[in-house]
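Residue numbers (the UniProt record's numbering), protein chains in the order written: chain A, 1 to 240; chain B, 1 to 180.
Hints were generated in silico from the structure; no laboratory data involved. Careful, some of the hints might be misleading.
Claimed, not checked - The calculated lysine to any residue pairs, modelled on SDA-like cross-linking and capped at a C-alpha distance of 25 Å, are:
| no. | chain 1 | residue 1 | chain 2 | residue 2 |
| --- | --- | --- | --- | --- |
| 1 | B | K142 | A | L115 |
| 2 | B | K159 | A | H219 |
| 3 | B | K159 | A | R215 |
| 4 | A | K44 | A | E224 |
| 5 | B | K133 | A | K204 |
| 6 | B | K133 | A | S42 |
| 7 | B | K101 | B | E139 |
| 8 | A | K204 | B | H69 |
| 9 | B | K101 | A | R215 |
| 10 | B | K142 | B | I177 |
| 11 | B | K133 | A | T221 |
| 12 | B | K133 | B | G17 |
| 13 | A | K44 | B | Y174 |
| 14 | B | K133 | A | I78 |
| 15 | B | K101 | A | P120 |
| 16 | B | K142 | A | K44 |
| 17 | B | K76 | B | L127 |
| 18 | B | K159 | A | R126 |
| 19 | B | K133 | A | P95 |
| 20 | B | K101 | B | K76 |
| 21 | B | K159 | A | K204 |
| 22 | B | K159 | A | E214 |
| 23 | B | K142 | A | D116 |
| 24 | B | K142 | A | I78 |
| 25 | B | K76 | A | D116 |
| 26 | B | K101 | B | D112 |
| 27 | B | K101 | A | S131 |
| 28 | B | K142 | A | M85 |
| 29 | B | K101 | A | T221 |
| 30 | B | K159 | A | Y123 |
| 31 | B | K101 | A | K44 |
| 32 | B | K159 | A | E77 |
| 33 | B | K142 | A | R126 |
| 34 | B | K142 | A | E77 |
| 35 | B | K142 | A | E224 |
| 36 | B | K101 | A | L80 |
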Amino acid sequence: MFNLDGQVIPFQEGDTIMDAAMRAGVYIPHLCHDPEFTPHGSCKLCTVKVNGRNCSACTFPAAANQTVFNNSEELNEIRLTLTQMLFVEGNHFCPSCEKSGNCQLQGVGYELGMLDTHFPLFYPQRQMDASHPDILLDRDRCILCSLCVRASRDVDGKNVFAISGRGIHSELVVNAESGLLEDTDLSADDRAAHICPVGAIIVKRHGFEAPIGERLFDHQTVGEWSLDQFDTGEQAWQRD
Amino acid sequence: MATRLKVATTSLAGCFGCHMSFLDIDERILQLAEIADFDRSPLTDIKHCSESVDIGLIEGGLCNAENVHTLREFRKSCRILVAVGACAINGGLPAMRNHIKLEDCLNEAYLDGYNTLNPQIPNDVELPLLLNKVHPIHEVVKVDYFLPGCPPSADTFWKFLTDLASGNEPSLPYDLIHYD
């Protein structure tokens, strides 16, 4: 057992703080994490204070008698700043994005009450790849969470994506000599084609299917959705 | 309320969609008129702010020199300046030109574009000079509040203005925060 915001949370051997919290129905904000994949610990939105030190909940092991703070004003301020930095670092034009309303980056912004991006915008120059007949890669919207990298490698067994470069020069690259999606074996049925939390990888001809008001995060917070997904996932796994 | 509020509105590089959405408060505008007067606004056709305006709502980003001039003048007159809508907050759709060289934009629109008659780039001295890139307004002046959305809904305007008019710190519930 450990203490999370005053609540006693049980954990199992090998659990991270994120695993234990989600199982107990406590949401810790995150973008690069998905319970189905090995944690990556890159977005830092899940930063929690463990015994006085900031740690990523998705990678930090749960241990007995830890005192963990999650939903505190201080941590939510940091998360808001991180989210604003993600927005200014890319080109996130929500009104023209097919993922709008179903985008987890937006969802986190809504949940944290983000009203502006605070920092000067970068407006970076990034390459779009529309070469694949069924899948669009729009790097303007990529937040480098690497979920597509993990999904393609670990579930699809195809290794289509990788993150290349460091720091501000990091970018999502495609494993083909041409660097284009059309020259890979990525298919619209792959897990990697559906895992993107933002609108960077989307399946073509499915944009704007749900009307405004009926999209994922129009009324439901990303936290509620995330815990709901976790529940459904666990039930599906138990049925197997 | 003892003194009446003065509200001004203007649009920079925007589409007036935010103004249209504001007008979607419908008959609530009569309630607003009981406590506030409209100063400079396309709704009154007053071209410049009076000396002291309480709340200035500004939609659109900065795409040319005139936008910057208007924004600075507006800021000087308004006690509380509110960035309204995606364009004012992050440049919005006009900022999608930021990836293309200004020269290429002008060439495409006025010289090489489909069906262009008498191709020439407009250069009348009356025309404001375009900025190299489109910018959100908080990069030039201090902004006091932000109302996100493309456009923010009428209910968002209403909640914000009624909070402010009643002396409360404006706060938007989950359903009224959206970026599209």
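Hint by hint, here is what the structure shows:
| no. | hint | in the structure |
| --- | --- | --- |
| 1 | B:K142 <-> A:L115 | 15 Å, holds |
| 2 | B:K159 <-> A:H219 | 17 Å, holds |
| 3 | B:K159 <-> A:R215 | 23 Å, holds |
| 4 | A:K44 <-> A:E224 | 20 Å, holds |
| 5 | B:K133 <-> A:K204 | 30 Å, violated |
| 6 | B:K133 <-> A:S42 | 31 Å, violated |
| 7 | B:K101 <-> B:E139 | 21 Å, holds |
| 8 | A:K204 <-> B:H69 | 43 Å, violated |
| 9 | B:K101 <-> A:R215 | 35 Å, violated |
| 10 | B:K142 <-> B:I177 | 22 Å, holds |
| 11 | B:K133 <-> A:T221 | 34 Å, violated |
| 12 | B:K133 <-> B:G17 | 22 Å, holds |
| 13 | A:K44 <-> B:Y174 | 23 Å, holds |
| 14 | B:K133 <-> A:I78 | 30 Å, violated |
| 15 | B:K101 <-> A:P120 | 20 Å, holds |
| 16 | B:K142 <-> A:K44 | 29 Å, violated |
| 17 | B:K76 <-> B:L127 | 24 Å, holds |
| 18 | B:K159 <-> A:R126 | 38 Å, violated |
| 19 | B:K133 <-> A:P95 | 19 Å, holds |
| 20 | B:K101 <-> B:K76 | 32 Å, violated |
| 21 | B:K159 <-> A:K204 | 38 Å, violated |
| 22 | B:K159 <-> A:E214 | 22 Å, holds |
| 23 | B:K142 <-> A:D116 | 13 Å, holds |
| 24 | B:K142 <-> A:I78 | 22 Å, holds |
| 25 | B:K76 <-> A:D116 | 22 Å, holds |
| 26 | B:K101 <-> B:D112 | 15 Å, holds |
| 27 | B:K101 <-> A:S131 | 24 Å, holds |
| 28 | B:K142 <-> A:M85 | 19 Å, holds |
| 29 | B:K101 <-> A:T221 | 39 Å, violated |
| 30 | B:K159 <-> A:Y123 | 32 Å, violated |
| 31 | B:K101 <-> A:K44 | 35 Å, violated |
| 32 | B:K159 <-> A:E77 | 24 Å, holds |
| 33 | B:K142 <-> A:R126 | 30 Å, violated |
| 34 | B:K142 <-> A:E77 | 21 Å, holds |
| 35 | B:K142 <-> A:E224 | 35 Å, violated |
| 36 | B:K101 <-> A:L80 | 32 Å, violated |
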